[in-house]
Amino acid sequence: MQRVGIDIGGTFTDIVVFDESTGQVRRSKTPSTPSAPEDGFINALEKAGVAVDDVRALVHGTTIVTNLILERDGARVALITSHGFSDVLEIMRATRPLPYDLGWRKPTPLIPRAMCFEIDERIMADGTVVRPLDPENVAAVVDRILAEDVDGIAVSLMHAYLDPSHEQMVEAIIRAKAPHLHVSISSAICREIREYERANTTVANVYSMPRVRRYVSALRERVGSDSLVNYLSSEGGIQDGEEAARRPVTLCVSGPAGGVLGGAFVGEMTGHRNLVTVDMGGTSFDVAVIRDGRFELKNTFEIEWGLPVKTPTIDIKTIGAGGGSIVWIDEGGALRVGPQSAGAEPGPACYGRGGTECTVTDANLVLGLIKPDGLMPLDKSLAEKAVKKIADHFGVSIQEAAEGIYRVVNALMASAIRQMTVEKGVDPRSFALVPFGGAGGQHAAVLAREVGIPTILLPNMPSVFSAFGMVSAPIKISRSASIMKPLAELTVADRAAFFAALRAEVAATAPGIDAGPPRFECVLDLKYSKQAHEISVVVEEDWSNEQITTAFEDRHFQLYGTRLGHAVSVVTGRLTAISELPRLSLGTDSAAVETDAVPTSRTALTGVDAPVAVFDRTTLLPGMRLAGPCLVEEVDTSFYVPEGMVGTVDAYRNLIIAT
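For the record, in the sequence shown the residue sitting at position 600 is 599 according to numbering that gives the first Met the number 0, with numbers rising by one throughout.
None of these hints come from the bench; they were simulated from the model.
Accuracy of the hints is not assured; some may be wrong.
Unchecked claim - In silico BS3-like links for lysine-lysine, alpha-carbon gap of 27 angstroms or less:
#	residue 1	residue 2
1	379	316
2	316	423
3	526	297
4	297	423
5	297	105
6	484	526
As the list claims (entries may be wrong) - Here are the simulated distance ranges between beta carbons:
#	residue 1	residue 2	range
7	549	34	49 to 57 angstroms
8	528	23	54 to 62 angstroms
9	406	95	25 to 33 angstroms
10	314	98	20 to 28 angstroms
11	221	95	40 to 48 angstroms
12	541	175	39 to 47 angstroms
Glycine residues also receive a C-beta, built at the ideal position from the N, C-alpha and C atoms.
With these hints in hand, go ahead and build the complete structure from the sequences.
Set out below in structure tokens:
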């Protein structure tokens, strides 16, 4: 049987196929088809020669939800909320990214103010119903909404996380009047406090639901199976198509999550427990940190600053700095890179598809960092023509302009790594860097030196590594609900009953894949009683309140350097069911060669005005050594080793570079 991972990115669609019987892994890469992503999906299957009957599990990562929200290209949606709260999406929060930037404007809400409707009901913060729901009032509001020709309705009533009955009644009325509409209620999508975050999450869910449902249905039809295609959630777990279509907000960072999973797997395989993963594809640059073998999860993800979605998500920092990122000159005459991208259509100028904008890929091709006759033939003359526009602006040579572009994009990416490490109290000097994505290897060595990371772990198949991570993913389903009580008022029995209810929910949503029995991870969001915000702490169900308090204070000290000893409150409880698929078994080469690798005869310029050795990675055997400056090339990517760095090939054919 085979396990398949397919990652659709902004520029390429990657596929990795793992044969469980032989341990063989094969890969392929095809151009993405943004107008019809399912075409790229099918193209990848066909190119890899995958037979549907031979597949145990197919896991798919997609950016469809992120793109819909960023581009404001979702469905026409209305919001029903409690009387007096129809401005919730406009008011947002009082914070801003740059406190002293008077020109900053709030992001545009997913739906306009005119499409927010109030109904006459109210549940208080203690669960008391002070104004019962009036079904006739709800029916009249639904009629007004139907006159607006909407695709869906989001329902987010005040304190519905405590008592969902009003929302459930509203949903029943909507479905009776308009069964064709897509509907999401907050008590089913986000049973947590904070009315803005809960409302925006519910709106985002129904905003993306029609497109995701069509996409899931299209893939089912194209592959000829109702259950074959599963989806990678933002928290790094497998879920089936029904769950993805019902809760599309869980797909917000579906693709990037795969690379973090792959990093954790390779780290465990090689004994590296502390890792910084960096994924540089065609559109973005994604950074995540793995400490002691675990990646951090966060409970709220902002697709755009000020637009939060409350769903479990691997903590990933994303910036618009990929191979296809467009190079431009700002109003002050300074060189800038991204976040705009040439994408897959037309792509960088060197693709020869009509693109004329200068991109990072064009600059790297001019510098000799990319093989021009690899998987996709690249036209260096077109790249030079695009870079020349930048060179002419600054009055420098094409080579110097390309070097400048290289330095600028490296500075952007190094800043993102520092934000995920140094600025969070993490010392990068005790970590290894895991670069992947089609462009990651061209910049990784310089980034490692810049931020002080001493080791680079270049995995096999780095350009399709996110798809590889999907092959290694477990089944993972999460549910949560706010509790809002002092810890002292909760007994062990109370917590057991709470988690048992969540366990019953997740049991009904696991995809039909042959996997081991689930293990359950319990988390409590805790805070000192007078604090405004909480932190997540992994707990055991049978722990005493004293044990939970100790774990909370230890975590508080780790994050903020203090243990206050004050009373502790429980804000939200979370349960995740995790079922592992059979562990990937990657073969090793038992005999190490322990000799210097021999480069090919081709040389390349890398901006240092000197020829460097070029190695074909397929010829590198375990134990081989190489020294910079050199290039290590694969059919679809390359890795640049600057002068002074040395590398060795390990038993799994990973390349370990000492910076």
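A quick look at each hint next to the structure:
no.: 1; hint: 379 to 316; in the structure: violated (32 angstroms)
no.: 2; hint: 316 to 423; in the structure: holds (12 angstroms)
no.: 3; hint: 526 to 297; in the structure: holds (16 angstroms)
no.: 4; hint: 297 to 423; in the structure: holds (14 angstroms)
no.: 5; hint: 297 to 105; in the structure: holds (23 angstroms)
no.: 6; hint: 484 to 526; in the structure: holds (11 angstroms)
no.: 7; hint: 549 to 34: 49 to 57 angstroms; in the structure: holds (55 angstroms)
no.: 8; hint: 528 to 23: 54 to 62 angstroms; in the structure: holds (56 angstroms)
no.: 9; hint: 406 to 95: 25 to 33 angstroms; in the structure: holds (30 angstroms)
no.: 10; hint: 314 to 98: 20 to 28 angstroms; in the structure: holds (24 angstroms)
no.: 11; hint: 221 to 95: 40 to 48 angstroms; in the structure: holds (44 angstroms)
no.: 12; hint: 541 to 175: 39 to 47 angstroms; in the structure: holds (45 angstroms)
Hint 1 alone, counting from the list given before, is not met by this structure.
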